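If you read the sequences in order, they're chains G, E and Z. In this text, residue positions in the first sequence follow this note's numbering: the first is 1, and each later residue adds one. In this text, residue positions in the second sequence follow this note's numbering: the first is 1, and each later residue adds one. In this text, residue positions in the third sequence follow this note's numbering: the first is 1, and each later residue adds one.
Any given hint could turn out to be false.
[Stated by the list, open to error] Derived lysine to any residue pairs resembling SDA-like cross-links, with alpha carbons at most 25 Å apart:
hint, chain 1, residue 1, chain 2, residue 2
1, E, Lys68, E, Arg277
2, G, Lys55, Z, Pro307
3, G, Lys406, E, Arg102
4, G, Lys131, Z, Asp400
5, E, Lys55, E, Thr104
6, E, Lys406, Z, Phe98
7, G, Lys406, E, Asp101
8, E, Lys55, G, Val309
It should be emphasised that the hints constitute simulated quantities derived from the structure, not laboratory data. It should be emphasised that the depicted structure is a prediction, and the values quoted were computed from it without experimental measurement.
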Amino acid sequence: MSDSLQQRLFQELEALPLIDPHTHINPHAAASKSLGDIMGYHYYTELAHSAGLAKNKIEEPGISPKEKVGRLVPKLSALENTAQYAWLIEICREFFNFEDDRITTENWENLYDQADKVLGQSDWEQQVLKKSGLEQVYLTNDFDDPLEGFDTSLYVPCLRTDDLVFHLTKSDVRERLSKATNRDLGSIEDLQAAIRDLFTHFTKNGARACAISLPPDFSPTLVPSGTVAPYWSQLGRGEKLNEAEAAQLSQFVFWQLAENCVVFELPFDLMIGVNRRVYENGVFQGQDLYDKRTSLIQYRDLFNSFPQVTFPISVLTSTSNQELVSYSWIFPNVIANGHWWYSNTPPYIEQDCRTRLTAIPQTKYVGYYSDMYKLEFALPKFRMYRRILAKVLAQEFVVDRGWSEKRAVELGHLILRGNVETIFGR
Amino acid sequence: MSDSLQQRLFQELEALPLIDPHTHINPHAAASKSLGDIMGYHYYTELAHSAGLAKNKIEEPGISPKEKVGRLVPKLSALENTAQYAWLIEICREFFNFEDDRITTENWENLYDQADKVLGQSDWEQQVLKKSGLEQVYLTNDFDDPLEGFDTSLYVPCLRTDDLVFHLTKSDVRERLSKATNRDLGSIEDLQAAIRDLFTHFTKNGARACAISLPPDFSPTLVPSGTVAPYWSQLGRGEKLNEAEAAQLSQFVFWQLAENCVVFELPFDLMIGVNRRVYENGVFQGQDLYDKRTSLIQYRDLFNSFPQVTFPISVLTSTSNQELVSYSWIFPNVIANGHWWYSNTPPYIEQDCRTRLTAIPQTKYVGYYSDMYKLEFALPKFRMYRRILAKVLAQEFVVDRGWSEKRAVELGHLILRGNVETIFGR
Amino acid sequence: MSDSLQQRLFQELEALPLIDPHTHINPHAAASKSLGDIMGYHYYTELAHSAGLAKNKIEEPGISPKEKVGRLVPKLSALENTAQYAWLIEICREFFNFEDDRITTENWENLYDQADKVLGQSDWEQQVLKKSGLEQVYLTNDFDDPLEGFDTSLYVPCLRTDDLVFHLTKSDVRERLSKATNRDLGSIEDLQAAIRDLFTHFTKNGARACAISLPPDFSPTLVPSGTVAPYWSQLGRGEKLNEAEAAQLSQFVFWQLAENCVVFELPFDLMIGVNRRVYENGVFQGQDLYDKRTSLIQYRDLFNSFPQVTFPISVLTSTSNQELVSYSWIFPNVIANGHWWYSNTPPYIEQDCRTRLTAIPQTKYVGYYSDMYKLEFALPKFRMYRRILAKVLAQEFVVDRGWSEKRAVELGHLILRGNVETIFGR
Ligand SMILES: [Zn+2]
Ligand SMILES: [Zn+2]
Ligand SMILES: [Zn+2]
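Just chain G, same shape as in the assembly:
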């Protein structure tokens, strides 16, 4: 296979403006203010910590962004091989006129200052959106987000529901829900009404998805409200639930969410497989891992019970990818969604992309989302994906099946953008 073929396909894919269907962007502070925002991304802090930098050096209270970057820089040499480091270099070269291959103790201050100049421009947010070819950016909003003060046609709200499913046993979460919906939550019917209110609020404000991340052992199933009503009352009286009761409450709330997805016609993004706080002394957002012993068979009841709901599914590991391929191939309501977190490095993306593209209907694979916290990361992450997609299209379709390049690019456009519009659009 010629490298120039792959390069031509990549250029065609690069030209396509994007919708990013899952991010953690704060619409009130979407772009970075300094290199500290960029290098403060958990990928860099957790990898630097993994390579030996103490957590209390990284997270010392009160240090300035520049001081933090200065502490991280010496450890960067240990991370130069990683895909994550390649994103960082690409950001610096594309946006900050950085011309070196490495960030070192010698060159970082110049880079920091240059970044300050660029990021300090009043229209930087618009510039970075344009340079990155981003037309829409989907958010991850807390259930009690007022969704005010930003353009929801550019920054599209999504209702994130981890707190509702897994943390309603905490009084502060119940209070947030009560306040957000202006309801007393005494009865289980109140809880149901409050959840419905959230969907009304979010869809009124242009929300395009309900979303949640799930631990490896979660198995959704229908739990009758009569079963959990007494648990809900216990919580109201300030009593604790045992593990089994809390698990049933989680299942009950999860099922409510799915039912509201039917009513409000929202896709339900499932991000499956993460155990929170496995490394208890890790840095912020650098504590989560997983148990690979999980299966999509745990979602059998859900997929069968909600044929009207579309479930874009992300799996944390490549060992779960074949299940995702097979379940998307069989279930009309299951969609393979992006390349998530621990599988978001080139070798995993390539194999997962290749297996999806050759087995799932082409309308059922959403190629990529950036999962970014700051806008600058869309460009290098999507570029990494587009390179890999170009490689797979070149090998599997142009070379092996004799497709024209035009046809391969059309398939690429569908995977990169067309399916986002069809699946999340309205």
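With chain G's structure known, arrange chains E and Z with the ligands on it following the hints.
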């Protein structure tokens, strides 16, 4: 690695006539009668359904084959990327003089009519066998198949035993067994004798294998007849078994099969890992999926207890492939068999083939079987496999190890055909 | 990607002298005495047995090394495709001037005699170390090894602890421990003191690691000495422990080892995932397999409890590799170590190496160890790894990221040797 090397190896592999060691061919209607038979293959109906075509459109009672094809065609555009679609196009181009790249609402009727002409020829069955280089086709026969009215040296019987192991709790299955063996099945000894009768009947008619597909949680072990005798009596009296009792009966019958494989010198094909009817409202044969949490360690007792029996093993997922590689490498009676179902797409085949060819004795890997329901599918499926095998031989053996092309082709022939003869032949 | 690029990188990697951080070398008989030592390696006996050679042919008591080789040779033709066979040919060509591609019934006796001449040289051990570029070889020593009579700066002791953790329920193991430490082991405190004695003895003699292989279901956790003290007394009185009690004793001893690794500043090599004696009638060392349903989450308590201990981890299967990548990426004390046993063939190494090199800090991946029993195997095994490493460096770093070849080679040197020195050195 040069593409022409791979191409030369492929041509050598293409020239080899085949024995297809596992199919679902009906020897009384082996070839397709119309394009409806070809596009009615569950891969197309389930993928079209997955892409949004309603089950009741596909399976509406009484519609003609042409009507059915006409309903499927508009959905085909969503499947053009899949390996399964590539088989379909290859069939149409090889057999029906189809010259387009895609089947569309514009060209399908011409194609349908052209297929009718070809398939309507009185000697089409012989033609397709010849064009596909098929010398023998192994079948999948119900235990009560009379095995009459066809040439068993061309269409080789295999005793399929899923019903015996998993459905003897149903009275109609017991009645079929009673009728097939002309025995009253009152006692557990009667059941044992009936099973022996089936082996006698099948081996008299040239059977070459006993075969079964197994769910992910099955663990065969020896259960004494004394344990299940009372359960058998309960069934005879019309009583139900509980789950544990039914599971023990399954294990008992499975062990009986293995014991008969010793006596009758038959290999025992195990197809491991499928859960039936996971998607309850799926189309016919498009409802089965799996739980990847399964292990060949569950077969430890079996492999140790029956050193005289050869177990050609198919695994449903590529995540089970490394276990198959390792178990075939250690156990003399374990054979890696083909690339099955959800692993039967090019990226999975390539990785699984590569790992097997570099670690298992070359006499212990049966390269491929088509699993086809109609003869026309052998050509595109085996061709897909031969392309991949040529690629692996070129890269791993000619380039990396400096083998001559001749030697690589000899290895390819062994994997494609020689091992089928040694392992299943008599 | 050009083959010559890969070739140039390989040559650079080949030039680097090595430290082999895990072997089973007997320092009193490190080199082979005859071809029988080489072909008696379990890879050849188990594969020949798997291909049909009876165990009693291979292990018949009293046969000479030459007779044994003569019996294995006819079966070698079935193994020519395997990576293991490629090691054998490479040994014969590099060391014994063998010029054929295959070992056959015609040429093996000449080869045997030629090997005798080479291996019979008085300085062969030094020769093979030199030809293989080996500067240090780490051992696997029984806990009661006197560690005398060899140069521990060349052959570096490592304390292997499987017997302590899993076999202290056997009186002969307790007696060996008592004798080695010259202690009565009446109380649990005696046991703790004896374990400490072993660490003193080993570190005095230059030991660089504590090591253990672990079954798939092992989950280390803190068990108080008070819990196991009565079990220890039971054992002392000649009573048996039940399974749960024995498991707690294993956990207790394991935790003691980790605590001593803190005190004595030793890395703790964990080789995770092997079930012993799965194939009960297999040849010597050819009986072990595994259950892939295992997870590094089982080690969560350990990694959190011992931040001061470095855990170089080997996983038995490539299906566990992504967990190893992710856990090394997050936990500062987790290191990805080599490519072990059933994952030590080129396709698994390549994918595992590629995923590690693009996601783990480059200081946290120890590329390879030979696991050899005789010195002659270091050359072909490391050469296999270096070829693959060169391929990954060429593709992922030089081609995809535009690195200079020099920079890629530096990364390769770090992975091959630098990290061994940093992680195991003192
Ligand atoms: Zn996210
Ligand atoms: Zn089949
Ligand atoms: Zn070892």
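Hints, one by one, checked against the model:
1. A C-alpha spacing of about 23 Å is found between lysine 68 of chain E and arginine 277 of chain E, which places the hinted pair at or below 25 Å, so the restraint holds.
2. Under the criterion of a C-alpha separation no larger than 25 Å, the hint pairing lysine 55 of chain G with proline 307 of chain Z is consistent with the structure, at around 12 Å.
3. Simply put, lysine 406 of chain G and arginine 102 of chain E have alpha-carbon atoms about 15 Å apart, close enough for the 25 Å limit, and the pair holds.
4. Simply put, lysine 131 of chain G and aspartate 400 of chain Z have alpha-carbon atoms about 22 Å apart, close enough for the 25 Å limit, and the pair holds.
5. For the proposed pair lysine 55 of chain E and threonine 104 of chain E, the alpha carbon gap of about 21 Å is at most 25 Å, so the pair holds.
6. Restraint check for lysine 406 of chain E and phenylalanine 98 of chain Z: satisfied, since their Cα atoms lie roughly 22 Å apart, inside the 25 Å limit.
7. A distance of roughly 13 Å separates the Cα atoms of lysine 406 of chain G and aspartate 101 of chain E; the hinted pair therefore holds under the 25 Å criterion.
8. With a C-alpha separation of about 17 Å, the suggested pairing of lysine 55 of chain E with valine 309 of chain G holds against the 25 Å cut-off.
In terms of the numbered hints stated before, the structure departs from none.
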